[in-house]
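Novice: Numbered per my numbering, the sequence shown spans residues 1 to 472.
Simulated from the structure, these hints should not be mistaken for lab results. Backbone N, C-alpha and C fix where the C-beta goes; we use that ideal spot for every residue, glycine too. Check the hints yourself; a few may be wrong.
[As the list claims (entries may be wrong)] Once the Cα atoms are required to be at most 27 Å apart in a straight line, the calculated DSS-like pairs of lysine-lysine come out as:
(1) 171 <-> 471
(2) 471 <-> 420
(3) 221 <-> 349
(4) 74 <-> 306
(5) 303 <-> 77
(6) 374 <-> 306
(7) 303 <-> 374
(8) 221 <-> 283
(9) 306 <-> 454
(10) 171 <-> 303
(11) 339 <-> 283
(12) 349 <-> 283
(13) 471 <-> 374
(14) 454 <-> 74
(15) 420 <-> 171
(16) 349 <-> 287
(17) 303 <-> 221
(18) 287 <-> 174
(19) 374 <-> 420
(20) 420 <-> 174
(21) 454 <-> 435
(22) 174 <-> 471
(23) 339 <-> 349
(24) 306 <-> 174
(25) 74 <-> 221
(26) 306 <-> 77
(27) 339 <-> 287
(28) 349 <-> 77
(29) 454 <-> 77
(30) 287 <-> 221
[Claimed, not checked] Label pairs and their in silico Cβ distance ranges:
(31) 416 <-> 326: 50 to 58 Å
(32) 359 <-> 108: 37 to 45 Å
(33) 414 <-> 258: 34 to 42 Å
(34) 416 <-> 238: 24 to 32 Å
(35) 120 <-> 345: 44 to 52 Å
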Amino acid sequence: MVFRRILFIAFLLQAIIASGQDDHYWSQQFGATNTSMGGAVVGGVRDNSAIYYNPGAQSFIENPSLSVDANLYKYDKIFIRNGAGQNVNLNSAQLSIYPQIVAGLVNLINLPRFKFGYGVLTKNFNNVLMNARFTNRDIHSNSDPTQEFVGAFDYSNQLNEQWFGFCISYKANKNNGFGLSLFGSYRAQTYSLTNFVRNIAYHDSAAWFSTINVDENIRYKTFMMIAKLGWAFETGRWRLGVTVSLPSIRLYGTGDIQREISLYATSDNPGDTSAGFLVLDRKTSVKTFYHNPLSIAAGVEYKTSKTRLAFSTEFFTGISSYYMMHTESDPLVYPAWVKDSIYTRPYLKAYLDIRNQSVPVLNAAIGMEQYLSKSFSLLLGARTDFSGYKSPEAADILLHSSGEWDLYHISAGLSYNTPKQTITLGFNYTFSPEKSLSPYTELNPLAQSGFHSKVFAQSFGLVLGYTHYFKN
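All chains should be modelled from the sequences, with the hints used to inform the complete structure.
Specialist: Below is the structure:
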């Protein structure tokens with residue numbers, strides 16, 4: 001009995017260790033025009049978003065300008081069938097409005113070959129809220145036990161990452177341009193989970209009440225520096241580009257983490273209460289790390305008098321397992337002898353650890369701009385957004401804000417151009433093919449074993465962009 005109890009506690013402790021690496025690198029694009037073209041602009045970008053896509057391409061921009069682009073409307077939906085147990089679904093449906101990018105360009109009067117750009121952009125923004133309730137009453141004949149139970153799952157994951165920086169570009173000749181962008185990054189994430197199942201069982205004249213509870217709260221912020229190197233080339237109808245994004249450098253990071261896992265039991269039979277246990281710990285001001293991978297992007301564009309055709313691809317290297325948050329845990333444990341078990345000791349020591357890692361990812365995008373008239377053009381695009389999720393040993397997917405499923409984006413837009421301004425309205429649709437995965441929790445104690453969850457995610461976004469051109 002004691003051995004089985006130890007194994008049960010060890011299993012729950014193993015399930016609670018978390019991971020928090022980003023899973024999708026191409027979910028967010030920058031600029032209404034670029035979003036509408038699927039982000040396939042590494043080779044041919046010629047607007048202020050070059051600070052992100054290709055610093056070298058900034059050197060080919062002639063007129064100084066200021067651009068403001070924002071997601072006017074974004075609807076994100078995640079549906080997980082059986083995500084909280086057999087016949088208990090999870091659903092998140094959130095609306096959000098936030099800026100994509102604000103960027104500008106300045107010509108350096110005494111240095112005509114150099115251009116200076118600046119910008120602030122929203123690199124990541126996620127808001128996932130899910131909850132589920134399940135209650136049931138199992139009534140058999142008078143000689144069989146009667147059970148009443150209620151389960152609850154409340155989950156919140158909010159992520160906001162802002163980049164702010166500048167770009168220096170140099171036009172070596174009429175065909176080649178080089179550039180360097182330096183960004184500072186502020187990343188903040190707040191994650192909370194409350195999951196419990198309360199059960200009352202009656203048998204003959206005896207009653208047994210139990211509550212299994214898992215509670216997590218994690219909050220952190222990090223400051224990083226990211227550098228991008230770009231080369232752009234154009235000749236005739238062709239434009240080419242290559243961008244190298246270097247791994248991030250940590251400047252500062254701190255976070256708080258709290259976890260509790262417990263089983264409380266009361267019974268008319270005193271022997272049944274021995275099943276109860278508690279593991280609880282909390283730490284504040286824990287040193288926090290976050291790593292962005294090395295990536296290499298390349299793009300090509302072919303332009304005629306009526307059409308632009310573009311293709312881009314980007315390879316992200318994998319990230320080896322590392323500690324995002326690591327602290328010596330000394331949790332409150334009841335009963336005390338659970339601390340001394342060889343089965344639970346390793347998990348108790350790492351009770352507050354968060355580990356990250358990711359696998360290599362290769363994404364690709366295609367885009368087109370068709371000029372309808374002197375002032376209007378139609379934009380079309382599509383791109384992959386494959387997941388880099390890889391769970392470290394004993395990691396929990398729940399801290400991940402976007403998921404282990406692959407995403408695909410389809411986009412379209414309409415652009416109005418004059419010598420003084422450009423206005424673009426774009427639409428982006430995102431979907432994931434249905435994917436099987438393990439349930440996040442089990443709220444139904446009577447559920448049959450062997451079932452699986454299936455997830456489907458989709459998103460609708462409306463983007464508006466405005467650029468004002470100043471006199472050269």
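Novice: Any of the earlier hints contradicted here, and which numbers?
Specialist: Of the numbered hints given earlier, those the structure breaks are 4, 5, 9, 17, 18, 26, 28 and 33, listed in rising order.
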